[in-house]
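Chemist: Here is how the chains run, residue by residue.
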Amino acid sequence: MAEKRTIVIDPVTRIEGHAKITLHLDEQGEVSDARFHVTQFRGFEKLCEGRPFTEMPSLMARICGICPVSHLIASAKACDALLAVRIPPTADKLRRIFNIAQIVQSHALSVFHLSSPDLLLGMDADPAKSNLWGVAEKDPQLARDGIRLRQFGQQIIERLGGKRIHPAWVVPGGVSEPLSQENRDAILATIPEALAIAVRTLAWYKKISQAFREEIGSFGNFPSLFMGMVKEDGGLTFYDGKLRMGDASGNLVADGLDATRYFDYLGEKVERWSYLKSAYYKPKGYPDGMYRVGPLARLNVVDRCGTERADQELAEFKELQRAAVLSSFHYHQARLIEILYCVERLEQLLNDPEILSKHVRAEAKANALEGIGASEAPRGTLFHHYKIDEQGLVRWANLIIATGQNNLAMNRSVLQVAKHFVRGNELLPGMLNRVEAVIRAYDPCLSCSTHAIGEMALRIQLLDPSGQVLNEAVRP
Amino acid sequence: MPRVLIVACGNPLRCDDGLAWRAVEDLHRLRQQDVEIIAQNQLTPELASPVSQVERVLFLDAARRGQPGEIRCELVLPVHASGAFTHNFSPASILSLAHELYGKAPQAYVISLSGECFDHGETISATVEAALPGFVELIVRFTEELPRTCDRHSPLCL
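If you read the protein sequences in the order shown, they are chains H and X. Basically the working numbering = 1-based index in the first sequence + 15. Basically the working numbering = 1-based index in the second sequence + 15.
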């Protein structure tokens with residue numbers, strides 16, 4: 016009788032951060048279980064303790080080189096709550112521009128640099144060619160478009176924040192500098208090119224996605240809840256709004272949820288085999304409260320995007336499956352629609368008559384000892400929650416990151432794909448690439464998402480120079 | 016577009032690894048005509064576009080090899096890269112991508128300064144601090160004209 020075996024995919028490639036996947040095979044070589052393990056640990060919740068709260072936006076931006084702006088925004092909103100101020104209207108709009116620019120560049124990274132090799136060259140392509148060079152060789156225009164769209168977003172961030180990565184322009188109470196007319200005009204001049212790329216790429220994607228029917232049917236194609244932030248009119252927003260939870264039938268499970276009361280309806284569970292916590296919707300319990308966030312979830316729960324072209328695409332998107340769009344393969348299309356929306360929305364915001372106002376910051380000292388900020392990051396809803404003492408020093412912090420909220424769904428997706436495609440007795444690279452590709456569809460950012468300390472299983476060994484174990488401490 | 020592009024690379028939070036950023040501060044003060052400067056933590060595919068638009072590109076970086084304070088200049092030629100990772104772009108692979116996508120890979124050099132300390136911190140070691148003026152002087156020379164000692168076809172060490 017054959018033995019049970021385990022296949023380990025380590026590292027998972029073309030994602031942000033470090034992870035591995037284990038596939039457990041039964042005696043017949045069929046997949047019986049699968050797990051997505053996040054193997055890195057960041058610990059920002061702990062290391063910020065004792066720091067002045069005014070440092071938090073800049074400190075939290077260091078969590079990630081891909082989406083520092085998301086952490087800046089959520090952190091600054093938490094600090095606004097500590098100041099107990101309402102930021103100037105222009106600062107509000109400038110933060111929205113900043114956030115949207117980052118959504119564009121981050122989504123472009125996911126679509127063009129990380130997933131387009133799978134989409135353009137196929138899931139069974141030679142792994143040595145399944146990268147940016149392979150894309151450049153087969154479709155140089157697509158590769159150029161990816162580079163240009165990333166530049167577009169990064170240059171807006173640089174024009175507003177002074178630098179592309181870890182800008183410190185967003186501060187408690189607003190932003191540190193107003194937008195100059197020169198920079199506003201320079202950004203506006205690049206909108207038509209970005210819009211053309213967004214439209215062109217969506218058309219390309221819709222055409223090539225026809226060849227992935229089997230993947231669409233098995234890449235995280237299961238019922239779950241979906242959560243996203245919406246405007247009062249049900250429109251798409253990345254900066255501010257109430258939270259909505261929708262189900263697989265397209266019905267709203269909860270609406271008008273106050274993001275600052277997230278702890279009433281969201282829970283987090285720690286599993287022994289990963290540094291990434293798993294968030295769940297409390298009323299349904301764990302793990303039945305599995306929900307998805309990010310582009311797919313946002314487009315599932317909104318009534319409209321709020322811009323002309325994106326709304327046309329949204330209407331088409333909502334026809335992809337009956338009721339809610341369930342397959343995580345469709346994250347790609349949702350991501351491209353969001354890019355289109357962001358470019359259109361940028362033009363609206365930049366043409367706002369107030370956008371060049373010099374009043375961009377509200378000054379105050381701490382007026383509250385607890386603050387919560389929430390916004391939509393590229394990968395989903397992001398929460399920053401701080402408690403400070405009378406001296407303004409951070410005493411406690413909790414971060415709920417989008418990737419953690421997708422953890423249950425990512426694990427279930429890996430299992431679904433593995434069961435559908437992997438045959439342990441005749442293993443082919445394309446089978447394992449599909450297991451990785453479903454993770455790429457979620458675009459997880461693992462550097463952002465592993466901050467809890469004191470809860471996860473730990474094993475620490477003290478070794479002598481020869482490698483002999485001198486001491487060991489284990490927390491189950 | 017300017018004639019010369021300077022790409023400074025390194026992590027300013029890891030002591031001498033951020034020496035190229037320090038050099039960039041001095042270079043900005045010189046306000047050289049026809050020179051654009053980009054400072055990044057690491058090389059990314061997006062650099063292929065500006066790299067393709069200039070006559071010469073200078074990659075500035077800290078080096079682990081050599082004696083601390085040692086300055087090196089090496090010619091870079093495009094090398095087609097492959098593999099699953101996009102986190103480790105080299106100057107040669109950036110040149111290759113520029114050629115692949117935009118049809119042009121300019122003359123390129125890596126100018127490096129060997130570091131002493133790569134620990135956490137924002138300070139530069141005394142050895143590197145002392146070598147920085149010479150490092151900047153060499154970079155300026157390369158933005159103005161190619162030094163006579165430079166052989167277009169082989170690596171060189173100044």
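To be clear, the hints were calculated from the coordinates, so they are not data collected in a lab. Please note that a few of the clues may not be correct.
Distance condition first, Cα-Cα at most 27 Å in a straight line; then the derived DSS-like pairs of lysine-lysine [claimed, not checked]:
1. H/K222 - H/K153
2. H/K257 - H/K246
3. H/K153 - X/K119
4. H/K402 - H/K144
5. H/K284 - H/K153
6. X/K119 - H/K144
Sample of chain H residues facing chain X (criterion: CB under 7 Å; computed from the structure) [stated by the list, open to error]:
7. P155
8. L157
9. A158
10. R159
11. I162
12. R165
13. Q166
14. G300
Positions of the beta carbon are idealized from the N, C-alpha and C atoms, including for glycine.
Chemist: If a hint holds in the structure, say so; if it doesn't, say that too.
Modeler: Each hint tested on the structure:
1. H/K222 - H/K153: OK: H/K222 and H/K153 at ~16 Å, within 27 Å.
2. H/K257 - H/K246: Measuring from Cα to Cα gives roughly 7 Å; hence the hint holds.
3. H/K153 - X/K119: holds (18 Å)
4. H/K402 - H/K144: violated (49 Å)
5. H/K284 - H/K153: Given that 27 Å is the threshold and the Cα spacing comes to 44 Å, the pair is violated.
6. X/K119 - H/K144: At roughly 22 Å apart (the allowed maximum being 27 Å), H/K144 and X/K119 satisfy the hint.
7. P155: holds (5 Å)
8. L157: Hint violated; H/L157 Cβ to chain X Cβ min 10 Å, cut 7 Å.
9. A158: Holds, about 6 Å.
10. R159: holds (5 Å)
11. I162: holds (5 Å)
12. R165: holds (5 Å)
13. Q166: holds (5 Å)
14. G300: Nearest chain X Cβ about 38 Å off; hint violated.
Hint compliance for this structure: hints 4, 5, 8, 14 are broken, all remaining hints hold.
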